Every structure is written in structure tokens, then in C-alpha cells.
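S.K.: Sequence:
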Amino acid sequence: MIAHLQTLQQQLQGELYYDKTMRTLYATDASAYREMPLAVALPKTESDIKLLIAFALQHKTSLIPRTAGTSLAGQVVGNGIVVDVSKYFNEILELNANEKWVRVQPGVIRDDLNVFLKPYGLLFGPETSTANRAMIGGMVGNNSCGSNSVVYKSTREHIIEIKAILSDGSDVVFGETDLDSFHAKCEMDTLEGRIYNNIRQLLSNYDNRVEIAKQFPKKSIERRNTGYAIDLLMQTAPFEAGGPNFNFCTLIAGSEGTLAFITEIKLNVVPLPPKETGLLCVHFNTIHESLLANLIALQFAPTASELIDHYILECTKGNIEQQKNRFFVKGDPGAILVVEFKKNTREEITRIAEQVEAAMREKGLGYHFPLLFGDDTKKIWNLRKAGLGLLGNMPGDDKAVPVIEDTAVDVNDLPDYIADFNKILEKYGLYSVHYAHAGSGELHLRPIINLKTAEGNALFRTIAMEVAALVKKYNGSLSGEHGDGRLRGEFIPKMIGEKNYALLKQIKETWDPHHIFNPGKIVDTPPMNTFLRYTPGQKDSNVAPVFRWGNQTVLQHAEQCNGSGDCRKTHISGGTMCPSFMATRNEKDTTRARANILREFLTHSTAINKFNHKEIYEVMDLCLSCKGCKSECPSNVDVAKLKAEFLQQYYKANGIPFRSKLIANFSVVAKIGSVWPGLYNGMVTNRFSGSLIKKMSGFAVKRSMPTLSKITVREWMRKRKQPASNNGAKRKVYFFCDEFTNYNDAGIGITAIQLLEKLGYEVVIPNHVESGRAMLSKGLLLKAKAIAHQNIDWLSDIVCEEAPLIGIEPSAILTFRDEYIDLADDDHYEKAKQLAKNVFYIDEFLAGEIEKGFISAALFTNADKKIVLHGHCQQKALTNLNDTVKVLSLPQNYTVNTLPSGCCGMAGSFGYEKEHYDLSMQIGNLVLFPAVNKADATTIIAAPGTSCRHQIKDGTGKQAKHTVEVLWEALL
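Under our numbering, the first residue of the sequence shown is numbered 1, with each subsequent residue one higher.
Just so you know, the hints here were simulated from the structure itself, not pulled from any lab data.
This structure is a prediction, so every number in the text was calculated from the model and none was measured.
Just to be clear, a hint being listed does not mean it is correct.
What the hints assert, rightly or not - No more than 35 Å apart at the CA atoms, straight line, and that leaves these computed lysine-lysine pairs for DSBU-like:
#1 378 x 214
#2 914 x 324
#3 100 x 317
#4 342 x 317
#5 317 x 163
#6 342 x 378
#7 831 x 732
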């Protein structure tokens, strides 16, 4: 087969991979399943897809269509060729704003499409919680809905036409077909003709129609993805007088790529909703109360009614990003119902909210009714959408598993259904997470099960069977929006009856007689507890880590990634995670991929050192260690930490590369160079000698090298005339003179000290060593640990609330709050935690002093200035940019525009390294460079990080300033 794959690889205009690494990365999605595919294809053209179809037919394999890979039921897991269309089939092809339709390729991201549509006053309605990475092709395959389905229903209702390639390689366009055209198509002697004729025969049969009407879910349930939608096709004109025109798009929606390969989709789009949005976030003591209140809320025609239970709320407490979004939570509610209203004015929303509250209180439901507007609504929806990912950060092996998470019933049946559901769980001593679409009769229900045990594996199946019977009792749908996949496929005969299931098999056989399109989904599905990601009795890796991992092992931390794919969002959606993917659009470069590759080898490797695998190194290579995932990943997967741990263990077996040693020992090199800074700077900036040094060191020749300051901060501090006795100082502060500030940015460090003194603070540089940041970035954790212990010993006795430690380089000072705690041995651990409480990045400190009234705007100019701010990644991950904005806005007429620029691309040494330079600049060009270039000459470019300022200089030719420089220049 390898020889055949090699031939296919040469024929494709796109990409084909059959190495173990890529196959491993595509062996899972966001479900509980894992199966190694034969290969991974990234087609560029429709001709590529036809070649893949021909190959599958000839070699008796299959094609598994995939977009973002966020399926929860194993739809894109299988042993054939995974065909990922996300990289090249991502164009918006045509928009007709007057007729309100848009034509797109399947790899277009839902939120990106709406960014494109917004200037035209239009919107594609259905909104999944994964909308910032979910793609239209996947939304069609699963017939996705989302929180606003009470208004916009499902994707199916918005599909006008689908262009596809059938299983024989022929092209087809499916769209609305009148009665004459329908019958004419039935007579064609082609695969398309046989498809039309088959459906005519099946749905013209009276007995079939009776059985379908009897067995399929209630018509009142709009979320209905059980099997193929023949119940809806049965209501069209060929089969029901007065019905709408026939359209096979109805069947393709929710077919999970099992019938045809989609290449284009024509969608209906709608006008933007009213401008004002209000969220009534009603707090309840129990889930049952919230579901009763949901029925009251629906009487007032909300645009969404979403449930968040106490398990989700508990998970938000441990997530850096979502902690900020808990501001509206009062106490510890058993559930919160988020009821959304969209109107033209806030007054209208307020009136309706008051009526809802009165109606609920009359029934004794709800104890807190906050009504939120503006930016606060985005925070609430971000918290709600993070639900799936947040569930991944449950420590240990017990996880909220996707087994019966997609059931839908009539919304009026929901309270009784959930009560019956929880009785089933109680019988087995289980409990469940409840969240999502209360307004549509669908809650995402995830029981907590350990799939690594035989008992858990058996329970996985038992719960599925019993809940399937319960759903059937309520005449509901086992899948509301996530699809059948491998998870629910085997239960379809029970849900719609054996006769109807036989009809589905006939349809599959007619469309795809050789079963090349995503076999084993919807029909002929294997048992749902086979090919699982975790196997009963699997052992954890016996690795002695350097970092602390809390109540977990390294493997368990990697396993927190549940595949939700938050790291696949683009720069259009904003945020930091994940800069390498934003630039390359390769699955291999996602945070998810890095967690997956670690999980795979730490679970299945037979090596003594399970980290000693080149495959892990290759996937980890483009991680910039930006820390974006530490805050933005809802599952709290800290890949920068995982990478550092991996490198430490990998180097044990393979040695430390020269360049890594050079970078890790930056402070040693800088100290030697600082003896003759002019000579050092001349050598690294000279065209000939500089190029030679870069080539010998493995740095990019195109990259400018950082120069040394003429005098170090410490030397300046020793030589300067001491300031007059400052007995009236507001307080003493200790200045952390990190290695980057001391040697490279001494001018900024000196300015920071002068600024603090001018503002009335006594500044002392205490005894300390370097931060260890460079060693951490290169995985030299044992050396970083020794540095951490030394700094903890020297500083913990003097740093306190009254005399905090302040630093100006985010990546250095924030090690005290992050890595030092995880590196500290038991005898240093408590001291490290206590020290961290009184360590601040300078913007945090100044913002706090402003808040207390110790620093006022009267000290600064009132001249007009515009500032464009690019935040440092680790600052955004571990603190926030609000403090920097507050500080820069202190001068009365200074206005700050915060760029949604994510990572600058430099990331310490990453952007200097020859193999990473191009990617580094590509990342900078996504948002940062264009925004900086757009700023006029009078605008101040502010960037707290030394690497960020260097990247801006190399990428735009403009000089960025640190916050302290901006404030110093603004002082009167």
C-alpha cells in the first residue's frame, strides 16, 4: 500500500501524509474515539478529490471528510484516508446581498464568514459553541444548530444548494427541484438518476410513509439528527400535496459525509438582529427549578435560553480566562439560565426582563436576576461556549464523557425527561453535567465516568442503552445537533425501528455502493464502546517530572485536552492561542496536536524514556511557548509547560544542542559582552561578522541581533549620585533587574527606576540572580530550578505586601507567579507561593497605586496623544492588559487602542532561529505589522515586551516604547 500512496502523493496538487505522526494527529477528534487512519490528505482542487475517490475505489479503502475536527461522536475517526479540507477549501466564493445568499467552500469558518457578511448587514444564523473554528462543511455534515436555534433553527434550514462529487466521481448540484424536474431526474441513467429514483420509490410507498411517521421523533422537536432525514423529505411536494419543492440538501444536512463529498455550499443569509442584546442570568438552587423557569422564559420569545450548571461554574474557578467572566455569579447556584433578548433599545429589554422576573418569582423560581448589556454579554457567552472545554480540566481520570450528550425532547417534556435521566444515573451511582440549549429541549448531558477501567467502559455502553430507551419513551431524538457518528449509530434501529433503518441502508447503498464515504457512521456502525481513546487497564507513564503537576501526572495533564479545538481559531477571531496554527493553518501546529502527540506516546510507547521520540519533538517544535493556551484553552492545557518538561526529558537521551545551550546561557554571554559593549555590538551588527556569528549560532541571517547597552542598570545604580533621602516615600519597592533589562534594555530599566522615584517611591535593587526565563524556554529545567530556589531564598524574607517586587519585563517577572511555584521543591514550595503574592509586573503595580489614589493625572501632561498597544503574550496569559491600558490612559488626553494582535511572533529566541524566522514574520504579519504600519507618525507604539519591541522594529522599522517610557515622557 505504501507504494500506491507514494504514487497518489505525486499525483495530487495538494498534500498527502502517511507517516506515523500525521496519522496519529488525525486518529482522534473531540470525541472519545481513536483509530489510526491509513493516510491524511489535504486536497487543493476538486481534481484532487476525484483522484482520492478513484484511489479509494481501486484500493478498497475509504475517505473520511474532515474540517475542524471538533465532532463529538467520532464522525471523522476511521481507518481510511482522512480528507482535511480546512486548509485549501476555505474561500468565500460569491455573495448576492440583494437576494441574501452566499456561496462558500466547506472549509470556511462560521465566525469568519459573519465578519465578512457584517458590512452588508447580513448574518449566517446558526451558531455553534465552536463557531470561531467550526466550518460550514462540518456544520452541514452534522446539521449544527447552536444557542440561537429558537430563532435560526438548524443549518439545514439555511442550505439552498450543495455542489458535490458522488461516489463514482461524477459532479452533481443539489438544490430545489420542482415536480416535473424531480421526475425527469428519476429517469436519468446515471448515479444521480438512481439516487432520485431510489428516494421516489422509498417515499412513495404508503407502508414506508406510515412507519416513518410512527417511529421518527415528534414533529415539535426541531433538533432531530437521528439517521437520515427521510421524515422531512417525506413532507415535500412529490410525496405530500402542497408540500415545498423537493431538495436533497435536506438529506445531506446531517448525513456526516456518508453520501457525497461536498465542495461548495450556497447558503441563505439573514439581516443582522437588532443592535441591543440583553442577558437575564437567572440563578437557581436546582436544575429542575431552572427547567421549569425555562418554560416561563419561552413565553416571552427570547432569542436564546441556555443552561449552565454548577459543575461548569466550578470548572470556571480554575481557569484564568473564565475567572474574569464569573463577575455576575452570586453565591454557588445549582444552575444559571441565560435568557437572551435582542431589541432596538435597552429599555425594551429591561421591560421584558422585569416581566420575566415577576413571572418566575410568582412561581417561586430563581433567587438572583442580573440583567447584563454591552461587553458583559460577550463575557457570559464566552463562559457558556467554553463549557465543553472546561469539562476537560477535571483532574484525574474521571471525565465528563460524551455518551448521551446530544439528546433532544419536546421542550415541554424537558423537566420530566431530565428527572428520569438523573434517576438512571443515580441507579449506577453516577452524576452528570447539564448545560446548553434548554430553550430548544436539548441539554448536553455528560456523566462522569473513568473510561480507563473495565467498569467505566461497560458503564459507557449501559448508560447509552438505557438513555436511548428513555429518549424513545419521550419520542425524542438521540441526536439533536452533534450527529450519530460512531457513538449513536448502533442505536438508530431502536430509535426509528428496524424497517426505517433498512430504508437508511438502502439509501446508503444507492448513493455509495462501495462504501467509500465515511463508512461505519449512521449505518453499519460498530459497537459504541470499541475504538475508544482510552482502553481499560492502560498504565500511566512512570516519569519523574521536574515540574509540579498538581494532582496529576504529565500524561493526565495532556489528557485534559478533549479535542474541542479552541486552538484552531484564526487571527480574525482574536486572542493569542495558537500563533503557529494561525499562520500555517496546519493541524500539526495546534495546541491540540501537541497534547495529542504526548498522550499517544506516553500511553503507547514501549521505550524506557517515553519522551524520547523524534515525532514528539517535531510536533512541539513550532510551539512558541507564548502561554496563550494556559489562559485561553478552556481545558487549562499548558503546552508551554508540557514542552519544557518534554525537552528536559528528551535531552536526557539526546543531549542538549549547542544553540539551546547558547540561548539558555544568554546572561553569561551578555555579562562577558558588557565588559566591552561597543566591541560586542560592532561584531553582531557588522554585515560580515554579524552574518558569520548568526550562521555559526543557527540564527537567521535576516534577523537583527539584540545589542548591549553601554552601561548596565546595576552599574548605573552603583555609580549614580544617590537621590536625596526619601523619608517621605510612599513605600519601598524592590526592583527585579532581570537579565534582559540589565544588559539589553538598560535605558528602559533606568527610566523605570527614575519614574518610580519621581512618583515618590524608594527603589532598591535587591540581591538576586537572573530570572531563568531563557533556560525555561529551552527546557533546561534542572538549572532553572536551581535559579528559582536561589531567588526564592534571597527574596522571600524581604519582599512583602508593604515592599513588593516589581519588574518591567513580563516574561521574567511573571516566572515568580508561574514556573517558580511549579519548580519549587517541597522545602521551597510555601515560600514560593507566598513570594508570588507580592510580585507584580510594573503596570499592575502602577494601576493598583492609581486605584488607591497615590498617583494622579495631575502629574502628567494634558497634551493629546494616541497610543497603539501590543500586549505581551505572557502578560495576557497570566495577568491582563487592563492594567496597562489604565496606566497609559492616566495622562488626561491619552487614548489607547489595544490591538487584537495575539503573539508578535518573536517569542524570546524563537524568531531568531533560522528555521523559525519566516514563520515568526508570518505571525507578525497577521495583525501586528499591518496595524503598526497603519499608525501615523504621531502615534505612540507601546509594547511591554523586549522581544515584541525587537519584532516590531524588524517587521516595520518603527520603534516601540515600554509603558514606563511613555509615562516618563508624559511627566510634567
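S.K.: Quick check: which numbered hints come out false for this structure?
M.R.: 1, 2, 3 and 5
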